[in-house]
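Visitor: Here the protein sequences come in this chain order: A and B.
Mapping of the first sequence onto numbering that gives the first Met the number 0: residues 0 to 369, in sequence order.
Mapping of the second sequence onto numbering that gives the first Met the number 0: residues 0 to 369, in sequence order.
Be careful, since some hints might not be right.
For chains that are exact copies, the list does not tell them apart, and a pair is met inside one copy or across any two.
[What the hints assert, rightly or not] Below, a list of computed lysine-lysine pairs in the DSS-like style, where the Cα atoms sit at most 30 Å apart:
#1 K107 - K311
#2 K332 - K107
#3 K304 - K140
#4 K107 - K56
#5 K304 - K272
#6 K140 - K107
#7 K361 - K304
#8 K180 - K304
#9 K361 - K332
#10 K289 - K272
#11 K332 - K272
#12 K107 - K333
#13 K289 - K311
#14 K272 - K311
#15 K180 - K107
#16 K272 - K140
#17 K333 - K311
#18 K332 - K311
It is worth saying that the hints were derived from the structure and are not from the lab.
Chain by chain, the residues run as shown.
2 protein chains.
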Amino acid sequence: MSADLVPETRVLAIASHVVYGHVGNKMATLVMQSMGCDVAALNTVHFSNHTGYRQFKGTRTTAEEISNLYEGLCQNNLTDFDVMLSGYAPSAAAVEAVGAIGQDLQRKAADRPGSFFWVLDPVMGDQGRLYVNDDVVPAYKNIIQHADLILPNQFEAEVLSGIRITSLSTLAAAITTLHSKYSIPHVIITSVQLSKLCPSETNPSPSSPTTQNLLTVIGSTTLSTGEPRLFRIEVPALDCFFSGTGDMFAALTVARLREAVFNDPDAGLRDTKSWVSSDDVQATELPLAKATEKVLASMHNVLEKTIEARDKQLAATAAQAGDVAGGGEAEVKKEHLRRTKAAEVRLVRNVRFLREPTVDFKAREWEEGL
Amino acid sequence: MSADLVPETRVLAIASHVVYGHVGNKMATLVMQSMGCDVAALNTVHFSNHTGYRQFKGTRTTAEEISNLYEGLCQNNLTDFDVMLSGYAPSAAAVEAVGAIGQDLQRKAADRPGSFFWVLDPVMGDQGRLYVNDDVVPAYKNIIQHADLILPNQFEAEVLSGIRITSLSTLAAAITTLHSKYSIPHVIITSVQLSKLCPSETNPSPSSPTTQNLLTVIGSTTLSTGEPRLFRIEVPALDCFFSGTGDMFAALTVARLREAVFNDPDAGLRDTKSWVSSDDVQATELPLAKATEKVLASMHNVLEKTIEARDKQLAATAAQAGDVAGGGEAEVKKEHLRRTKAAEVRLVRNVRFLREPTVDFKAREWEEGL
Chain A
0 MSADLVPETR
10 VLAIASHVVY
20 GHVGNKMATL
30 VMQSMGCDVA
40 ALNTVHFSNH
50 TGYRQFKGTR
60 TTAEEISNLY
70 EGLCQNNLTD
80 FDVMLSGYAP
90 SAAAVEAVGA
100 IGQDLQRKAA
110 DRPGSFFWVL
120 DPVMGDQGRL
130 YVNDDVVPAY
140 KNIIQHADLI
150 LPNQFEAEVL
160 SGIRITSLST
170 LAAAITTLHS
180 KYSIPHVIIT
190 SVQLSKLCPS
200 ETNPSPSSPT
210 TQNLLTVIGS
220 TTLSTGEPRL
230 FRIEVPALDC
240 FFSGTGDMFA
250 ALTVARLREA
260 VFNDPDAGLR
270 DTKSWVSSDD
280 VQATELPLAK
290 ATEKVLASMH
300 NVLEKTIEAR
310 DKQLAATAAQ
320 AGDVAGGGEA
330 EVKKEHLRRT
340 KAAEVRLVRN
350 VRFLREPTVD
360 FKAREWEEGL
Chain B
0 MSADLVPETR
10 VLAIASHVVY
20 GHVGNKMATL
30 VMQSMGCDVA
40 ALNTVHFSNH
50 TGYRQFKGTR
60 TTAEEISNLY
70 EGLCQNNLTD
80 FDVMLSGYAP
90 SAAAVEAVGA
100 IGQDLQRKAA
110 DRPGSFFWVL
120 DPVMGDQGRL
130 YVNDDVVPAY
140 KNIIQHADLI
150 LPNQFEAEVL
160 SGIRITSLST
170 LAAAITTLHS
180 KYSIPHVIIT
190 SVQLSKLCPS
200 ETNPSPSSPT
210 TQNLLTVIGS
220 TTLSTGEPRL
230 FRIEVPALDC
240 FFSGTGDMFA
250 ALTVARLREA
260 VFNDPDAGLR
270 DTKSWVSSDD
280 VQATELPLAK
290 ATEKVLASMH
300 NVLEKTIEAR
310 DKQLAATAAQ
320 AGDVAGGGEA
330 EVKKEHLRRT
340 KAAEVRLVRN
350 VRFLREPTVD
360 FKAREWEEGL
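One chain only, chain A, in its complex shape (with noise of 0.2 Å):
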């Protein structure tokens, strides 16, 4: 196989589906996918649009549908997964009828260590607020102790860890907490805002040329002690909401992680349960460190052409613009639905940035207090 596609495999995905655009799963396939894996989607909403339109059709999938499309795998022996990435689902009972594939997953792999891996993106809300009900969130405390690896936002992170993040100590704090009241191995917190939390963290690199914002992911695989090892990768926060790029990140992980596994120098790392690597691998040598970078750098190129193409498409939309500030609340909306849909990630003509990506971030050592 060519040498740019992650080594074969298998992944069941749980995430939700939308006719048009690329969120969820119709993000997370065609990512994967780009990537060399064989995805089996399992859809938990069936969407004529992502919801940052305001506005959309279709269905929610039921606790029952989902376990009984699972069963559909199990009496066909389709179930020979090396990997699970869940995403969102559209309620607590939901989220319980993921929590138990994944745990029938893992009972299937029990006897063949690390030969299968379980991504947990506990999907709940962001900037302080749930776009859940309540119920969901003990749902998701109640399984992601079974996960191998989360992927929590900063507020997800502080919701979980029931720790607010208001500082680097907090931050370490919470990841603590996720490794050890939870046994979660890996962790990796997609979105912290270190200039809020830390002014004089806003622009740490020498390299970077402008004072532009910077995005902060911090990871950590646990250490024996239960303690973290952690690093960070600073990217440039980009001029635009795109909807979808969490999903992007998780999707490219799954394929990153597994391939870092592979590469590593301890060839037995991939037959260890939840491919944690020994003590004396530092942070920044971690294959979880080494595969966020290659993500950050393929959604970093990704994004750039996705604000590349929609300048281009509101330019030559410009005609159709809805005049927010004459107009009512119908040209107001017109106008959301123009810069909606001209910001949808542009994947399809860009996926040789996941393969290959052209720019370079590096993940640093980061002690707290630092």
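Given chain A, work out where chain B should sit, using these hints.
Guide: Below, chain B without anything else, positioned relative to chain A:
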């Protein structure tokens, strides 16, 4: 963009979804995305796996849900499709709902001839047997008159034309009827076993090194008189039953036909209603013929790779083979599942053959009686 991608194409694909494997939209979406098309996927069923396994779980999308999802696209101005590809719909009402969507998109594009093209795969049955309800047949008969290209197999062509195909002349008559009675500009009959119709036709190509069976694909773009312009392409039949090949054919045809029309020496063709070439264009020079040549080449490559992978997988799982001779029903079933899984089309790691096939099949003129 890369030279190997087709012109920018936005497709609305309406067909079935399976969690595991590649049939329906699960096949068509990846195929078209790999060719560079942006695909909106409206799924008409949500099944665990394809029906060739003889057991599956899941749900069907109702006609109302299909219409509702389309309404969601309309209200968000997400209907700027260049092509619609419609495949399996699970009921007569669902077929009607799909037909209404096709006609609505045609109305929206009415003042820009050639800007919207509808490829319709009238999925009803095969090998002399319907696998849909009887009322699906008249539903298709009502909507095919609106399509630009239909892709029936031999049985479906018989059902739609009312002509039983028992000879080369009845085959030509069936296509003539589809052109004239239903005003369908382009027709491809995707699998004809000419050897059964005409034994002397079993191996007409001097370059064919073996006596293996050939499959013949017959296509035609109508003349202004309503008469057909027939071409034929022979490909070696592969010794394996695959599911999803009809969907692969349809998806590749969408991409390749658009490419052929954009590359056509007659630059006005793309602005001509239904992309119908002028009468002086010979059958073998039709964009439809050029497209079908490439489609069949890609399919041959992917299916050859699938057979290789199947054989390897069957060898690797030989220990799990069901004891068909000595065992009971359970053993027969177990073996059927093992073989069906092994024959899943290997798409993800062979997408390069979609863009750049390595074999070459040529369309030949086909006069009735040849």
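Visitor: Should K289 paired with K311 be assigned to within, between, both, or neither, using CA atoms and 30 Å as the limit?
Guide: Close neither inside one copy (34 Å) nor across copies (33 Å); limit 30 Å.
Visitor: Can you give me the call for K304 and K140, within, between, both or neither, at a CA distance of at most 30 Å?
Guide: This pair counts as neither: shortest intra-copy Cα distance 37 Å, inter-copy 44 Å.
Visitor: Is it within, between, both or neither when you check K107 against K333 at 30 Å Cα-Cα?
Guide: between (51 Å within a copy, 18 Å between copies)
Visitor: Regarding K107 and K56, is the shortest C-alpha distance of 30 Å or less found within a copy, between copies, in both, or in neither?
Guide: For K107 and K56, only the inter-copy Cα distance (21 Å) is at most 30 Å; the intra-copy one is 37 Å.
Visitor: Regarding K140 and K107, is the shortest C-alpha distance of 30 Å or less found within a copy, between copies, in both, or in neither?
Guide: within (23 Å within a copy, 49 Å between copies)
Visitor: Can you give me the call for K180 and K304, within, between, both or neither, at a CA distance of at most 30 Å?
Guide: For K180 and K304, the Cα distance exceeds 30 Å both inside one copy (41 Å) and across copies (48 Å).
Visitor: Using 30 Å as the alpha-carbon threshold, which applies to K332 and K272: within, between, both, or neither?
Guide: Answer is neither: 50 Å inside a copy and 34 Å across each miss the 30 Å cutoff.
Visitor: One pair to classify: K361 and K332, alpha carbons no more than 30 Å apart. Within, between, both, or neither?
Guide: Intra 41 Å, inter 52 Å, cutoff 30 Å: neither.
Visitor: For the identical chains here, do K272 and K311 meet the 30 Å Cα criterion within one copy, between copies, both, or neither?
Guide: Answer is between; shortest inter-copy Cα gap is 28 Å, intra-copy 48 Å.
Visitor: When Cα atoms must be at most 30 Å apart, do K304 and K272 count as within-copy, between-copy, both, or neither?
Guide: Answer is neither: 38 Å inside a copy and 34 Å across each miss the 30 Å cutoff.
Visitor: One pair to classify: K107 and K311, alpha carbons no more than 30 Å apart. Within, between, both, or neither?
Guide: Cα proximity of K107 and K311: across copies only (24 Å, versus 50 Å in one copy).
Visitor: State whether the alpha carbon distance between K289 and K272 is at most 30 Å within one copy, between copies, both, or neither.
Guide: within (19 Å within a copy, 53 Å between copies)
Violated hints, in rising order: 3, 5, 8, 9, 11, 13; the structure is consistent with all others.
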